[in-house]
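Trainee: So the sequence lines, in the order shown, correspond to chains S and V. With the numbering used here as the guide, the letters of the first sequence map in order to residues 1 to 580. With the numbering used here as the guide, the letters of the second sequence map in order to residues 581 to 857.
Calculated directly from the structure, the hints in this document are not laboratory data. It is possible that some hints are incorrect.
[What the hints assert, rightly or not] Quick list of the computed label-pair ranges, beta carbon to beta carbon:
{"no.": "1", "chain 1": "S", "residue 1": "L481", "chain 2": "V", "residue 2": "N802", "range": "56 to 66 Å"}
{"no.": "2", "chain 1": "S", "residue 1": "A317", "chain 2": "V", "residue 2": "S656", "range": "55 to 65 Å"}
{"no.": "3", "chain 1": "S", "residue 1": "V326", "chain 2": "V", "residue 2": "R721", "range": "33 to 43 Å"}
{"no.": "4", "chain 1": "S", "residue 1": "A372", "chain 2": "V", "residue 2": "W711", "range": "32 to 42 Å"}
{"no.": "5", "chain 1": "V", "residue 1": "A722", "chain 2": "S", "residue 2": "L340", "range": "30 to 40 Å"}
{"no.": "6", "chain 1": "V", "residue 1": "T670", "chain 2": "S", "residue 2": "L481", "range": "33 to 43 Å"}
{"no.": "7", "chain 1": "V", "residue 1": "K707", "chain 2": "S", "residue 2": "L340", "range": "22 to 32 Å"}
{"no.": "8", "chain 1": "V", "residue 1": "P753", "chain 2": "S", "residue 2": "P204", "range": "54 to 64 Å"}
{"no.": "9", "chain 1": "V", "residue 1": "R716", "chain 2": "S", "residue 2": "E434", "range": "19 to 29 Å"}
{"no.": "10", "chain 1": "S", "residue 1": "I260", "chain 2": "V", "residue 2": "V673", "range": "51 to 61 Å"}
{"no.": "11", "chain 1": "V", "residue 1": "A726", "chain 2": "S", "residue 2": "P204", "range": "54 to 64 Å"}
{"no.": "12", "chain 1": "V", "residue 1": "L801", "chain 2": "S", "residue 2": "L340", "range": "37 to 47 Å"}
[Unchecked claim] So the derived list for chain S, only partly shown, Cβ under 7 Å to chain V, looks like this:
{"no.": "13", "residue": "A426"}
{"no.": "14", "residue": "A429"}
{"no.": "15", "residue": "G441"}
[Said to hold, decoys possible] Heads up, incomplete: computed chain V residues facing chain S, CB under 7 Å, no partners named:
{"no.": "16", "residue": "H672"}
{"no.": "17", "residue": "V675"}
{"no.": "18", "residue": "R681"}
{"no.": "19", "residue": "A691"}
{"no.": "20", "residue": "M692"}
{"no.": "21", "residue": "V700"}
{"no.": "22", "residue": "W710"}
{"no.": "23", "residue": "M714"}
{"no.": "24", "residue": "R716"}
{"no.": "25", "residue": "S768"}
Bear in mind the structure is a predicted one, so any value in this text is a computation, not a measurement. Glycine included, each C-beta is placed from N, C-alpha and C at the ideal position.
If you want the building blocks of each chain, they are given just below.
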Amino acid sequence: MRGMLGRILLFGVIAGVACLHLGMVGMVGSFQERTVLDLSMVVEDGGVGLGFLMPFLAILVIANRAAAPRLQEEVPTGPGRRLLSGTVAGAAGGVALASLALLADSNAAASVLVNARPPLANILWLGLEPVPGSLMLVAGGTLAGLVGSALVLLPGLAARAAIVAGLAVLLVALLEPFLSVILANVGLEFVEDLVYARGALQLPAAVVIAALAGGALYAGRSGGALRGRGQALATGSRANLVRWALLGVAFVLLLLLPQIVGRRLSDVVTQVGLFVLLGLGLNIVVGFAGLLDLGYVAFYAVGAYTVGVFTSPGSPAFAPGLPFWVSLPFVILLSVTIGLMIGAPVLRLRGDYLAIVTLGFGEIARILVGSAWLQPYLGGAQGITRIPPAEPFERAPESVYYPILAFCVVAALVAISLANSRVGRAWNAMREDESAAEASGVNTIVYKLLAFAIGAAIGCIAGAFFSAKIGTIFPNSFNILISINTLALIILGGMGNIAGVIVGALVLVGLPELLREFEAYRLLIYGAVLVAMMLLRPEGLLPSRQRAAELHEESEEEAGEGEQPTAPTSRKPAEASIGP
Amino acid sequence: MTHTTAPRAVPAVGTSDAADAILRADKVTIRFGGLVANRDIDFVVPRGRIVSLIGPNGAGKTTFFNQLTGMLQPTSGDIAFEGESIVGLTPHVIVERGIARTFQNIRLFGAMTVLANVMVGRHVRMKAPWWGSMLRLPGVRAEEQATRERARELLRLVGLPRRVEDHWAKNLPYGDQRRLEIARALASDPKLLLLDEPTAGMNPGETAQMTRLIGRLRDDLNLSILLIEHDMKVVMGVSEEITVLDYGERIAYGSPEEVRRDPRVIEAYLGKGAASA
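Could you put together the complete structure from these sequences and hints?
Mentor: Dropping the structure here:
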């Protein structure tokens with residue numbers, strides 16, 4: 001019982017601190033400019049701003065965690081207590097918000113807490129008087145806590161459907177500037193009018209989207225379970241047909257994408273494409289072969305600089321001025337050579353040691369390209385300018401998108417083929433147990449070098465297109481953040497899985513590019529997302545499942561609150577959870 | 581217990597002609613600094629026999645094993661497999677030559693499926709080059725299919741049911757993991773199979789099954805088998821020749837009956853005094 005009380009208090013404090021934090025760092029204030037939900041149908045001139053919504057979303061997640069079953073529970077906690085702990089956490093968050101609003105309204109601490117000023121109080125109180133406003137905050141917090149904890153009590157599938165519905169609404173609301181452009185581009189203005197009003201999602205549309213997203217998940221999952229029950233054989237060929245049809249539709253959509261989304265979004269998409277390429281390459285090294293490489297940016301730099309030197313008429317000492325496509329084979333050759341050179345000395349290193357050494361290699365690459373020693377060839381800090389685009393593709397994102405897409409597809413196919421082959425198995429075996437792999441006949445030296453070489457080839461292609469797309473490269477474009485970002489997107493998406501790489505790139509590279517107004521808080525959010533992922537779902541968004549998982553999905557579902565089918569690295573008991 | 585063939589005439593060490601021995605170790609010595617883990621060990625595995633290596637803990641059995649498989653290199657002496665020295669070769673080359681092993685502490689590829697584990701074992705017998713796998717050439721796919729079939733056969737042979745083939749190896753029960761490890765070793769088509777304590781941690785029923793399996797492997801696959809074992813019942817039941825190590829030296833050699841009666845062996849296992857009692 002005392003443990004229970006402590007836990008309730010702990011989560012109450014977490015919720016309170018989170019709410020205070022969001023308000024004090026100014027997120028509430030600056031995000032308020034973005035209206036996410038238009039309520040003018042209900043309230044005159046009403047709209048919910050993202051700033052106001054933010055602390056309540058945080059409460060929702062924290063309350064869900066507060067109510068979730070713990071790892072080693074001696075006595076299973078009853079539903080009443082679970083609801084109680086979530087609700088208390090929510091109420092604590094609400095109280096914290098109300099206090100913050102009062103503090104801000106008094107303007108007493110404005111000299112220390114620069115964001116605690118009357119406008120913040122106005123946002124939090126929704127323009128109401130202090131007393132009703134504060135009561136509303138406490139009530140809202142409590143309600144959010146109740147909803148968050150109630151999710152735990154729902155059966156697994158329903159909870160997941162609810163979460164997906166909520167996320168879909170949030171996403172559609174947040175991406176309004178882009179979705180409205182897209183809808184206008186494809187001639188669906190009337191849909192736009194239905195969905196959005198005054199830059200925010202309309203209430204009826206939100207309900208419809210939630211129903212669609214939740215319903216689709218529900219239908220898909222229960223249908224999947226049915227298939228698992230042995231009716232698969234009869235419908236096998238049809239399912240195959242459906243899959244091919246879906247692939248076809250996706251392919252056509254991908255081809256038309258730049259036309260649909262316009263220039264601004266095309267730029268984001270090509271940016272994502274470059275990181276997908278990087279992710280696919282690094283995934284072979286880290287995900288398949290288990291070699292933790294923290295200096296992957298080196299290959300990106302080699303690709304970019306080699307293209308720069310070979311193609312730019314302005315490259316300092318040696319300017320053959322080759323066309324992009326002629327230089328590409330040299331780029332790959334050089335990068336693979338460097339990959340082997342980096343790989344050879346670290347063959348005997350494992351785990352952390354390998355990570356440290358490769359980290360050093362990445363930094364060496366950046367410092368070398370900016371060094372005075374190589375300045376006559378690589379331009380030093382001035383970099384290389386006037387790099388021509390990859391003719392016949394132009395520099396414009398709508399155009400350079402296509403070769404990047406093509407190479408992403410090729411890299412993905414290569415990765416998939418290798419994964420399901422003698423090579424992929426040898427890599428996996430090496431990742432699992434190097435000595436046992438060697439004792440099973442795998443030449444670990446050759447396979448390590450092969451992983452480094454293929455990873456280097458894919459990474460340098462990304463660098464080459466970066467060069468051709470941007471036209472000017474500087475040493476600082478190749479800092480360690482590229483390596484870290486690439487690794488983070490692999491981990492976020494799900495190690496060792498191709499689809500995971502794509503999802504990871506969309507979330508970690510695409511979303512921040514789209515939500516530029518959050519620029520100031522970008523790293524803060526980024527860090528919070530990574531920490532939350534590691535705590536809630538360490539195996540990534542789309543963990544690489546082998547056939548076993550698919551085959552046994554049914555029993556997992558029946559086991560009740562299966563969080564995800566046989567995620568290999570999941571160390572938690574099955575539970576419904578908020579989060580992606 | 582299970583073997584029915586009467587022990588054939590065992591060639592004495594150093595006198596048997598080379599054609600009979602699939603593996604021959606000659607005065608193998610390995611030092612780690614001042615410690616001599618194996619000293620002047622002579623050892624022969626006759627073709628088609630099940631031979632055991634026993635000895636108290638720390639006698640140097642696994643160290644000796646590791647030299648046979650290339651994981652350690654002897655300080656001096658020679659090891660010949662099929663008449664050719666294998667000293668200095670890396671483990672994967674030795675696997676290719678035809679020696680496969682299991683580990684005392686099971687070392688499967690935990691996050692790979694049961695079937696994939698066995699298919700990794702087949703690695704050295706596959707010819708697909710990496711670029712062939714990348715392009716999914718027809719020949720490569722055919723080989724892949726054949727490998728899958730062969731892996732299934734081996735799983736059946738060691739007694740693992742078809743339904744576990746897509747499970748993660750680490751989720752198998754202990755006894756099945758031991759079987760899987762044997763199937764993985766067999767996948768490389770070895771001529772000599774080295775089993776490091778295959779019944780360690782098993783209950784009597786599982787031990788009896790494993791003992792039967794070992795006998796069957798020799799008979800069905802025409803293998804030579806070298807066994808490290810603690811369980812005297814297994815050793816006496818299944819092996820035709822036994823070598824006893826103690827403190828890194830060979831102290832006895834012979835048929836199970838001979839070894840059982842050898843006072844030095846009794847002394848090594850039970851201590852001084854037990855032998856004369």
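Trainee: Indicate, hint by hint, whether the structure satisfies it.
Mentor: Going down the list of hints, with the structure as the test:
About 59 Å separates the C-beta atoms of L481 (chain S) and N802 (chain V), a value consistent with the hinted range of 56 to 66 Å. Between A317 (chain S) and S656 (chain V), the C-beta spacing of about 57 Å keeps the proposed range 55 to 65 Å intact. Between V326 (chain S) and R721 (chain V) the CB atoms are about 34 Å apart, so this pair conforms to the stated range of 33 to 43 Å. About 41 Å separates the C-beta atoms of A372 (chain S) and W711 (chain V), a value consistent with the hinted range of 32 to 42 Å.
At about 31 Å, the beta-carbon gap between A722 (chain V) and L340 (chain S) stays in the expected band of 30 to 40 Å. T670 (chain V) and L481 (chain S) have their C-beta atoms about 39 Å apart, which keeps the hinted 33 to 43 Å range intact. Look at K707 (chain V) against L340 (chain S): about 23 Å separates their beta carbons, and that is inside 22 to 32 Å. Checking the proposed 54 to 64 Å range against P753 (chain V) and P204 (chain S) shows it holds: the Cβ atoms sit about 55 Å from each other.
Evaluation of the 19 to 29 Å hint for R716 (chain V) and E434 (chain S) yields a pass: the beta carbon distance comes to about 27 Å. Checked against the hint of 51 to 61 Å, the C-beta distance between I260 (chain S) and V673 (chain V) comes to roughly 56 Å, which is consistent with it. For the pair A726 (chain V) and P204 (chain S), the supplied restraint of 54 to 64 Å holds, since their beta-carbon distance comes to about 60 Å. At about 40 Å, the CB distance of L801 (chain V) to L340 (chain S) agrees with the hint of 37 to 47 Å.
At its closest, the beta carbon of A426 (chain S) sits 6 Å from a beta carbon of chain V; the interface hint therefore holds under the 7 Å criterion. Given hint, A429 (chain S) at the interface with chain V, holds; its Cβ is 5 Å from that chain's nearest Cβ, closer than 7 Å. The interface hint given for G441 (chain S) is met, as the beta carbon of that residue sits about 4 Å from the closest beta carbon of chain V, less than 7 Å. Evaluation of the H672 (chain V) hint against chain S yields a held restraint, the C-beta minimum of about 5 Å falling below 7 Å.
A hinted interface residue such as V675 (chain V) counts as satisfied when its beta carbon comes closer than 7 Å to some beta carbon of chain S; here the least separation is about 4 Å, so the hint holds. Hint on R681 (chain V) holds. Least Cβ distance to chain S is approximately 6 Å, under the 7 Å limit. Given the 7 Å rule on beta carbons, the hint for A691 (chain V) holds: about 5 Å separates it from the nearest Cβ of chain S. The restraint placing M692 (chain V) at the interface with chain S holds, with a minimum CB-CB distance near 5 Å, inside the 7 Å limit.
Because the beta carbon of V700 (chain V) sits about 5 Å from the nearest beta carbon in chain S, less than 7 Å, this interface hint is met. At its closest, the beta carbon of W710 (chain V) sits 5 Å from a beta carbon of chain S; the interface hint therefore holds under the 7 Å criterion. With a cut of 7 Å, the hint placing M714 (chain V) at the interface with chain S holds, because the nearest CB-to-CB distance is about 5 Å. Annotation: interface hint on R716 (chain V) holds; nearest CB of chain S at approximately 5 Å, less than 7 Å.
About 5 Å separates the beta-carbon of S768 (chain V) from the nearest beta-carbon of chain S, less than 7 Å, and the hint is met.
Violated hints are absent here; each numbered hint is respected by the structure.
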